[in-house]
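In case you want the letters, here they are:
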Amino acid sequence: MQVSMTVNGQTVAAEIEGRTLLVELLREGLRLTGTHVGCDTSQCGACTVHVDGLPVKACTMLAAEAEGCSVTTIEGMANADGTLSPLQQAFNDHHGLQCGFCTPGMVMSGAALLAVNPKPTETEVRHWLEGNLCRCTGYHNIVKAIMAASGQQVGETV
Amino acid sequence: MYAFDLIRPRTLAEAVAALAEDGAQPVSGGQTLIPTLKARLAQPERLVSLWNIPELRGICEDDAGRLCIGAATTHAAVAAGVADRFPALAQLAGGIGDPAVRSRGTLGGSVANNDPAACYPAAVLATGATVVTDRRQIAADDWFQGMFATALEEREIVTEVRFPVPARAAYVKFVQPASRFAMVGVFVAQFADGVRVAVTGAAEDGVFRWTDAEDRLSDRFDATVLEGMAPPADGMIGDIHATPAYRAHLVGVMTRRAVAAA
Ligand SMILES: Cc1cc2nc3c(=O)[nH]c(=O)nc-3n(C[C@H](O)[C@H](O)[C@H](O)COP(=O)(O)OP(=O)(O)OC[C@H]3O[C@@H](n4cnc5c(N)ncnc54)[C@H](O)[C@@H]3O)c2cc1C
Ligand code: FES
Ligand code: FES
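If you read the protein sequences in the order shown, they are chains A and B.
For the first sequence, counting from 1, position 102 maps to 102 in the numbering used here; every step adds exactly one.
For the second sequence, counting from 1, position 262 maps to 1262 in the numbering used here; every step adds exactly one.
Chain B with its partners taken away, still in its complex shape (with noise of 0.2 Å):
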């Protein structure tokens, strides 16, 4: 890894700080940063820690009943956290990657860095969550912007994740063997006014709703609704895991088990 200095404030103010800096870079876990770093594929001046500051860490419920879910809340954390309050949420967070990720990775960074097979945004896009950031709100829908693109701006900082608990939900993943990642990850949410599909792994887009699939079931939440459906292989991933062809049946696979799971 090229030189760089570590600054480990203690406080959301003091990161926003150190990130005014030039070359600066937030890093929470590092599950992901590092491995980059390592690979020279960025070349930060400085690296801004937020795995000290308590402000971005944390579960706690609002007025509204949505789980607001500090950025810098490992895996773990929020997989034993969530349990009781929204199993399918818990589910995934056990589900990404092994233990030790599990014991460092964070929501905040799962989300912004938006890998194109990370299981969270599927999460924050089928329950339409909010992030919010040190300087705004922004909805799920507006969030995601295309593989590892994101609304992020220069030196902004995910502050937290405020997640609308649905009646029911769940995640089904198709783990890709190797890496452990989401060759296709399906999360489907049942709320009062409807369902929504989230799905990730499969496009070149990234995470993407798969609205066809919402209006069935939004009108009878049943798996069989579903039955011989899949989205257009058009715009799916290729590489010698899948093709494009196979990931968009897995999808509408592992949408009808993810339908049934809930």
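Next up, chain A with everything else stripped away, as it sits in the complex (with noise of 0.2 Å):
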């Protein structure tokens, strides 16, 4: 079947089958790799794209179903003269990532997060992050990024 949908800005149609994962088409039809595949059963977060600005699992969507719709990957997040985006930078600076596995899935969540919620708590960081899995950092670097990046230091809010 035909789909066509605006990924990272971009239109873009693809020849697909019903049963083609959003992340298939990302990685291996749109050579994004940037987006993971840690678990490829919706547990791990590592896949986190934003559909409709929404945060999805994109193991666990059916790319037809992204038709007409936008799709934002970790691809589309830098600035447009290529540098980092303050999130990206973020990370970064405050060591948010050790093997950079979830990292993608981690800055798609944490600015899906953001849009919503521009001064969230430590707290609500925490908890917005549970679907993200990090076998590296312990979460609290990762914490400290996205506080970061919304102007707000760890310890300041709970």
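None of these hints come from the bench; they were simulated from the model.
If you're wondering where the values come from, they're calculated on a predicted model, not measured in any experiment.
Note that beta-carbon positions come from the ideal geometry of N, C-alpha and C, so glycine has one too.
Wrong hints could be hidden among the right ones.
Said to hold, decoys possible - Facing chain B, from chain A, some residues (calculated, C-beta under 7 Å):
id, residue
1, Gly18
2, Val56
3, Glu65
4, Gly131
Quick one: dock chain against chain with the hints and give me the complex.
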């Protein structure tokens, strides 16, 4: 079947199967390999992307269901001049990653939070990240990075 | 996943027609069904998507003051949409899984699936809600029929759930830390004619009403009347996360917390 959608601001059309997952279309069809597959069972959140502004697990959405939608992946997060966006820069500044495998999902999830809640408390950040697993950092620096991107420090609010 | 055709109807009538085909099954948010298909525990030939059917989405109120929520309304939309009118339901919806699951998962999918640890069944049963399908209306007490079992017939589509809004209510969930489903979840709802208490996560037969607690709370809506009470451990789920006795104990604790929070 034929689908078309906007991915990182560009219109794309592709021939897919009914069973094609959104993450398969992104990674294999469009070669946007920044979106990771950690578990493939909707547990880890490494595959988180935005569909019409909302976070979704791209491993648990059929690509055809994104017909007509606006999809944003980690590749669409940098500033127009290629420099890191404030949230990405904050991950860098605060060591919010080690191996980096979970990072695309963490950034997409964090960005989705800040879009609806620009000044979250630390507790709100931790709850929001319940669907994003990290095997390396222990989460603390990820939370710090998201707080920093919102103009706050960890410990200011609980 | 095995190959299947995906049909994307735009109206309920088209969806009903598409489901009449052999080997067809509805898919709503896919948050349960897609993992099931990946595990090859189901093998439909065609999936009929309920996602883009405006009739199945949205929240309104009927003449009886009930909140009518379309089956394809996402958990996130319910959390945002009923916060002022029915905060306990908003809180339940906003506590399902994680934000990405709430962007896609739907009320209808949850009610049709009747996972023994799902949250919505507790709200549907505790409020005495009515499940509406493309062909009939079914009272909550008749809808849930055991673990993953409901009154849903072949090719029948849940279109809406109508929730009477209680005077006071709360949902308290003890989260299974890995899955974030309810290890035990209790929804307490107080109406003019009595109190209903529905328990999810605990029992092998799925969601159930704890009638002993209902009787006492209907006399006096105060957590102290349940002091030391718990339902029998018989028939409770036992797994690596909790024994039947522990789950039964948790039901008592969660119910008292829910009453205090209502
Ligand atoms: C990581 C994770 C955490 C979760 N945590 C929780 C939790 O804490 N609490 C909780 O309650 N749930 C939880 N869930 C489940 C989630 O809420 C699902 O979204 C929900 O159970 C199913 O809804 P769906 O729209 O995704 O249904 P689908 O997956 O699309 O469908 C589920 C089943 O119902 C059928 N179906 C769907 N819609 C209809 C309809 N309208 N009429 C008839 N049949 C229909 C389908 O054929 C299928 O058999 C979690 C899921 C995940 C992946
Ligand atoms: S790969 Fe999608 S949630 Fe883990
Ligand atoms: S940085 Fe390695 S999994 Fe998060």
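The hint names glycine 131/A as touching chain B; please verify it with the least Cβ-Cβ distance against 7 Å. Because about 3 Å separates glycine 131/A from the closest Cβ in chain B, which is inside the 7 Å limit, the hint holds.
Just to be careful: measuring from the Cβ of glycine 18/A to every Cβ in chain B, is the smallest value less than 7 Å? 3 Å, holds
With 7 Å as the cut and Cβ atoms as the points, is valine 56/A at the interface with chain B? Holds. Min distance 5 Å.
Hint check, glutamate 65/A versus chain B [nearest Cβ-Cβ separation less than 7 Å]: 6 Å, holds
Figure legend: structure checked against the earlier numbered hints; every hint is met.
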